[in-house]
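Taken in sequence, the protein lines are chains A and B.
At the far end of the first sequence sits residue 115, using this note's numbering, and the numbering has no gaps.
At the far end of the second sequence sits residue 1232, using this note's numbering, and the numbering has no gaps.
Hints were generated in silico from the structure; no laboratory data involved.
These numbers come from a predicted model, not from an experiment.
Ideal placement from N, C-alpha and C gives every residue a C-beta, glycine not left out.
Don't take every hint at face value.
[Said to hold, decoys possible] Here are the in silico distance ranges between beta carbons for each label pair:
id : chain 1 : residue 1 : chain 2 : residue 2 : range
1  : A       : Ser2      : B       : His1221   : 49 to 59 Å
2  : B       : Leu1181   : A       : Ser2      : 46 to 56 Å
3  : A       : Arg30     : B       : Leu1219   : 16 to 26 Å
4  : A       : Ala11     : B       : Ala1128   : 28 to 38 Å
[Unchecked claim] Partner residues are not named here, just some residues of chain A that face chain B (Cβ under 8 Å, in silico):
id : residue
5  : Phe9
6  : Ala19
7  : Val22
8  : Met49
9  : Ala56
10 : Leu57
11 : Ser81
12 : Leu89
13 : Met106
[Unchecked claim] Chain B stretches covered by chain A per the calculated footprint, using a threshold of three residues with CB under 8 Å from any CB of chain A:
id : region
14 : 1009-1016
15 : 1026-1033
16 : 1103-1115
This is what each chain is made of:
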Amino acid sequence: MSTPALLIFIAVCALATFATRVTPFVALARHADHPLILHLGRYLPPTVMMILVIYALRDFRPLIDGHLNAGANGWPMIIASLIVALLHLWRRNALLSIIGGTGAYMAMVQLGWMV
Amino acid sequence: MSPPYAWKEAGKLTLPVMFGYLPLGAAYGILAVEVGVPWWAAVLMSLIIYAGAGQFLAVALLAAGAGLMELAVATLMLNSRHLFYGLSLLKRFQGAGWRKPYMIFALTDETYSLITTLPAATHGRDHALAFRICLLNQAWWVLGSVAGVLAGTTLTFNSQGIEFALTALFIVLTLEQARRLRRWLPFGIAILTGIAGVWLVPDRHLLLSAIGAASLILLFHYSLGRHQETRT
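The following block holds chain A by itself, in its conformation from the complex (with noise of 0.2 Å):
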């Protein structure tokens, strides 16, 4: 690919993703104060988060050939969120929750965690 045909490209893909973010804003500038967009921006940012950490689960596969499943899209993400979620409600220190859940993930990954 010619060096203008790629930069073409790479500007294309740009206004495209910069498209769907700068829309709302342009389209609905005036109207940011409209009971249903406040509506919107109370409920909306939780729901997304939730439906985030769904997504970020949806490889989760219980068993492999029968047996617990303890690959990387296995018990350890179950497992790694529990240790995320526990810490949070005990600490409720962000970064030690992400870092112990984190830690925790890639040993159980990387060593295996059961033999």
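Guided by the hints, dock chain B onto chain A, whose structure is given.
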């Protein structure tokens, strides 16, 4: 608040994103170079496109020799969930001034999550902090991409599993949102549409379908509330 301290605060908030964006950005950089994208183009994409899944898709389409129309449609489809992010930030971004265009440009899943969960104590200097979060998150992404492009496949650090940091971040932010809102409604809607999405919809349309359906339910919930108000 003095600037260095302000950056430190934003840096601390974006640390989990850093753990996710550095390895993911590196994975993207490695993939881009592997399929034959020049290094500068791979980095340029992280600078002016700045969309995780979007860039993986763009690289795949580049490698497959896809046309511009195909690229535009696929990118719009993949990223249309951003429409809903903007909807719920209209009010929040008001008065952000010169920072606003960049904050809109930098609205990834992770940045949206961090900004909408900022503690109430930060109100008043909201825009400056949100702007720093946006900028640092993109910095992590670009740095990761550069590392990936440079390192190619010779990374020595065994970072397998580190991308779980983003999952952990979403869990923490969900708990924080729940603590603040103390209503089950959004979480119930999310579980319903999220799990339905996992079962019914192909992977690449999952987020858009679930978030779109959730927005429709919230719209319905809103009109129901209005209806009751007008009757009483």
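Right, here's what the structure says about each hint:
no.	hint	result
1	A:Ser2 with B:His1221: 49 to 59 Å	holds, 52 Å
2	B:Leu1181 with A:Ser2: 46 to 56 Å	holds, 52 Å
3	A:Arg30 with B:Leu1219: 16 to 26 Å	holds, 19 Å
4	A:Ala11 with B:Ala1128: 28 to 38 Å	holds, 30 Å
5	Phe9	holds, 6 Å
6	Ala19	holds, 7 Å
7	Val22	holds, 5 Å
8	Met49	holds, 4 Å
9	Ala56	holds, 4 Å
10	Leu57	holds, 7 Å
11	Ser81	holds, 6 Å
12	Leu89	holds, 7 Å
13	Met106	holds, 4 Å
14	1009-1016	holds (count 3)
15	1026-1033	violated (count 0)
16	1103-1115	holds (count 6)
Hint check: a violation occurs at hint 15 only; the rest are consistent with the structure.
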